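Engineer: Sequence:
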Amino acid sequence: MVSVHVGFHDVLHSSRCLDNRPSLFLDQYRACLVDAIRRLLQPNGMALVFAPLRGETLRLFCQLAQKAGLYVSQHQQYDAQVMDVHLKMLREGKETYDENIHYPLLITLTKGPQPVSHTQ
1 MVSVHVGFHD
11 VLHSSRCLDN
21 RPSLFLDQYR
31 ACLVDAIRRL
41 LQPNGMALVF
51 APLRGETLRL
61 FCQLAQKAGL
71 YVSQHQQYDA
81 QVMDVHLKML
91 REGKETYDEN
101 IHYPLLITLT
111 KGPQPVSHTQ
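Note that the sequence shown covers residues 1 to 120 in full-length UniProt numbering.
Since the hints were derived computationally from the structure, they do not count as laboratory data.
On a predicted model such as this, the values are computed, not experimentally measured, just so you know.
Among these hints, one or two may not hold up.
Ranges of calculated distance between the beta carbons of each label pair, as one might list FRET restraints [what the hints assert, rightly or not]:
no., residue 1, residue 2, range
1, A80, V11, 19 to 25 Å
2, T110, A31, 14 to 20 Å
3, Q74, D98, 15 to 21 Å
4, E56, S14, 14 to 20 Å
5, Q63, V85, 26 to 32 Å
6, T96, K67, 35 to 41 Å
Every residue, glycine too, gets a C-beta built ideally from N, C-alpha and C.
Could you put together the complete structure from these sequences and hints?
Structural biologist: Have a look at this one:
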């Protein structure tokens with residue numbers, strides 16, 4: 001239940017790299033996921049999302065996050081060991097490795113500070 005934890009978290013982590021199903025980024029759930037992340041984060045909080053491109057799904061997710069007021073940053077090289085394995089798989093795993101569905105990018109979603117309310 002999201003409502004109990006609204007504005008509670010400094011950092012969230014989301015990863016869906018264990019199987020081939022893009023369940024985090026299914027069209028019908030994408031906006032709900034963005035909304036939940038936005039609501040759960042404290043001002044200046046950050047969500048770390050690890051996900052492959054999967055065609056257009058990651059781009060669409062990032063667009064929704066930006067429209068929801070989150071600052072979005074995408075990182076392809078975030079860990080030397082992960083990058084080494086990725087490059088090795090590109091060279092040697094051509095039959096089984098498809099970076100579009102297997103290589104997780106790091107997306108950081110940052111919630112900016114809330115505007116100050118001036119009541120008079």
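Engineer: Does the Cβ pair T96, K67 satisfy 35 to 41 Å?
Structural biologist: 36 Å, holds
Engineer: Is the hinted range of 26 to 32 Å satisfied by the C-beta distance from Q63 to V85?
Structural biologist: 29 Å, holds
Engineer: If I claimed the Cβ atoms of E56 and S14 lie 14 to 20 Å apart, would that claim hold in this structure?
Structural biologist: 19 Å, holds
Engineer: Is the distance from the Cβ of Q74 to the Cβ of D98 consistent with 15 to 21 Å?
Structural biologist: 19 Å, holds
Engineer: A range of 19 to 25 Å was offered for this pair. Does it hold for the Cβ distance of A80 and V11?
Structural biologist: Given about 22 Å between the Cβ atoms, the range holds.
Engineer: CB of T110 to CB of A31, is that within 14 to 20 Å?
Structural biologist: 19 Å, holds
Checked against the numbered hints above, the structure breaks none of them.
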